[in-house]
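Start counting the sequence shown at 1; every next residue gets the next number (the UniProt record's numbering).
Hints were generated in silico from the structure; no laboratory data involved.
There's no promise every hint is true.
[Said to hold, decoys possible] In silico SDA-like pairs for lysine to any residue, Cα to Cα no more than 25 Å straight-line:
hint: 1; residue 1: K45; residue 2: A280
hint: 2; residue 1: K295; residue 2: R92
hint: 3; residue 1: K169; residue 2: K77
hint: 4; residue 1: K129; residue 2: S73
hint: 5; residue 1: K169; residue 2: S298
hint: 6; residue 1: K83; residue 2: P131
hint: 7; residue 1: K113; residue 2: D304
hint: 8; residue 1: K224; residue 2: A191
hint: 9; residue 1: K139; residue 2: Y125
hint: 10; residue 1: K113; residue 2: D301
hint: 11; residue 1: K113; residue 2: Q248
hint: 12; residue 1: K45; residue 2: N290
hint: 13; residue 1: K83; residue 2: N57
hint: 14; residue 1: K295; residue 2: D49
hint: 15; residue 1: K77; residue 2: Y115
hint: 16; residue 1: K278; residue 2: S174
hint: 17; residue 1: K83; residue 2: P183
hint: 18; residue 1: K224; residue 2: N25
hint: 19; residue 1: K129; residue 2: S61
hint: 20; residue 1: K224; residue 2: S178
hint: 21; residue 1: K295; residue 2: T307
hint: 22; residue 1: K129; residue 2: K45
hint: 23; residue 1: K169; residue 2: G59
hint: 24; residue 1: K45; residue 2: Q248
hint: 25; residue 1: K129; residue 2: D98
hint: 26; residue 1: K77; residue 2: V123
hint: 27; residue 1: K129; residue 2: P94
hint: 28; residue 1: K83; residue 2: L119
hint: 29; residue 1: K278; residue 2: S263
hint: 30; residue 1: K295; residue 2: V123
hint: 31; residue 1: K295; residue 2: H48
hint: 32; residue 1: K45; residue 2: H231
hint: 33; residue 1: K295; residue 2: S320
hint: 34; residue 1: K169; residue 2: S186
hint: 35; residue 1: K169; residue 2: F273
hint: 36; residue 1: K113; residue 2: L306
[Said to hold, decoys possible] FRET-style restraints, in silico, Cβ to Cβ:
hint: 37; residue 1: L324; residue 2: P131; range: 33 to 39 Å
hint: 38; residue 1: P260; residue 2: K283; range: 44 to 50 Å
hint: 39; residue 1: V142; residue 2: M323; range: 36 to 42 Å
hint: 40; residue 1: E261; residue 2: N57; range: 27 to 33 Å
Glycine included, each C-beta is placed from N, C-alpha and C at the ideal position.
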Amino acid sequence: MSDLSRTVAQEQLVSLHLSPTPVINLGHLSLDSVTRSGMVDQIAKACHDLGYFQVINHGISQPVMDCAVEAASDFFKLPSETKEEFASEDLRQPVRYDTSSKDSISMSRAFLKHYAHPLSDWVQYWPEKPPIYREYIGKYAVEVRRVALQLMQAILEGLGLGKEYLNGKFQEGSQLLSVNCYPKASQDAMAIGLAPHSDYGFLTILLTSCRGLEVLDRSSNSWKTAQRLPHALHVHVGDHMEVLSNGQIKTVVHRAILNPEESRISIASIHGFEVHEKVACAKELVDEQNPQKYKESSFSDFLDYLTANMDNKHRNFLESLRMLTGAMIFEKADRAKVYCHMFKS
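Construct the entire structure; sequences and hints are all you get.
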């Protein structure tokens, strides 16, 4: 993720209201061309205006989703010594367990991160306990990746690039699962479970057990709670989508707030190119009126950047990719105003 962590003022912890999240019926992408075109337009508008939306009728059964949450929950109930077998400071480990308590901002999150595609290459590294983990998380990983590829095709269509654009690179691309556990919030104060950030990849698809996700609304520069619909998945775009679209689509800043009523499990499936494959602005979206706005980069470059900035809470990978010429200087100034609203140092 591109980390935007700083000290957050207490008054910024209060969200104004539920976000009016667009809901996309993914099954309509498989219908006639007119219906599909309408769905593509809806997805394009959501990506352009908000950077996030939710999908229903996505083809993942409720039992598969419920079992994935159950397996994740059971992992975090294991004894500390069992979980800490996967603890590491090396961001390149195929499986890594940690907590965010030491950053002084994300006070209570525990997470397990691991690669998931191709599943046959990575599942051998996953935890063997609980016994259901590999089977249940594996089934969900395969299904949610199918959804991600469908959505990528629709987004590429919406950008005018065609649904087969760079199809081979997306088919061979990476999938990282970030499995998170947030405890129930204390009675006296709301706490941040995960500090404000954007995700590095093209798309993140989030499965969550209860409410707790908040998104930064661009029009009001305020935090809004993402609605949680039955059997829906939350989708938001990441840094590399902004790069590929040459800024037509913006990454979305989001955070996790502890739920005052119950503990929360979330499973974020982050989709990108293969680890060493560079992402660049689509040449079809670059011209004299819209010059290239970002340098190319890979997931491996992102990991190098994080490793080199481990002690810098202000690190932001996407900002490091910006090519500051002309209008981009003003755009960066506008973003700085947004960040000043979000944080107080």
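Now the hints, each set against the structure:
1. K45 x A280: At roughly 22 Å apart (the allowed maximum being 25 Å), A280 and K45 satisfy the hint.
2. K295 x R92: Within the cut-off at roughly 23 Å; holds.
3. K169 x K77: Given that 25 Å is the threshold and the Cα spacing comes to 37 Å, the pair is violated.
4. K129 x S73: holds (12 Å)
5. K169 x S298: Holds, at roughly 12 Å.
6. K83 x P131: holds (14 Å)
7. K113 x D304: holds (17 Å)
8. K224 x A191: Holds, at roughly 15 Å.
9. K139 x Y125: holds (16 Å)
10. K113 x D301: OK: K113 and D301 at ~18 Å, within 25 Å.
11. K113 x Q248: Violated: K113 and Q248 sit about 30 Å apart, past 25 Å.
12. K45 x N290: At roughly 20 Å apart (the allowed maximum being 25 Å), N290 and K45 satisfy the hint.
13. K83 x N57: Distance of about 35 Å is beyond 25 Å: violated.
14. K295 x D49: holds (24 Å)
15. K77 x Y115: With Cα atoms ~22 Å apart, K77 and Y115 stay inside 25 Å; holds.
16. K278 x S174: holds (12 Å)
17. K83 x P183: Judged against 25 Å, a Cα distance of about 16 Å means the pair holds.
18. K224 x N25: Holds: K224 and N25 sit about 23 Å apart, inside 25 Å.
19. K129 x S61: holds (24 Å)
20. K224 x S178: holds (22 Å)
21. K295 x T307: Distance of about 19 Å is within 25 Å: holds.
22. K129 x K45: Outside the cut-off at roughly 42 Å; violated.
23. K169 x G59: holds (24 Å)
24. K45 x Q248: holds (11 Å)
25. K129 x D98: Holds - the C-alpha atoms of D98 and K129 are around 17 Å apart, at most 25 Å.
26. K77 x V123: Satisfied, since the Cα-Cα distance of roughly 21 Å is no more than 25 Å.
27. K129 x P94: holds (16 Å)
28. K83 x L119: Holds - the C-alpha atoms of L119 and K83 are around 21 Å apart, at most 25 Å.
29. K278 x S263: violated (38 Å)
30. K295 x V123: Status violated; Cα separation ~33 Å.
31. K295 x H48: Between K295 and H48 the Cα gap is close to 21 Å, so the pair holds against 25 Å.
32. K45 x H231: Between K45 and H231 the Cα gap is close to 23 Å, so the pair holds against 25 Å.
33. K295 x S320: Holds, because 9 Å separates the two Cα atoms, which is no more than 25 Å.
34. K169 x S186: violated (45 Å)
35. K169 x F273: holds (6 Å)
36. K113 x L306: holds (15 Å)
37. L324 x P131: 33 to 39 Å: violated (52 Å)
38. P260 x K283: 44 to 50 Å: holds (49 Å)
39. V142 x M323: 36 to 42 Å: With Cβ atoms ~38 Å apart, the hint holds.
40. E261 x N57: 27 to 33 Å: 28 Å Cβ-Cβ, so the 27 to 33 Å window holds.
The structure does not agree with the numbered hints 3, 11, 13, 22, 29, 30, 34 and 37 stated previously, though it agrees with the rest.
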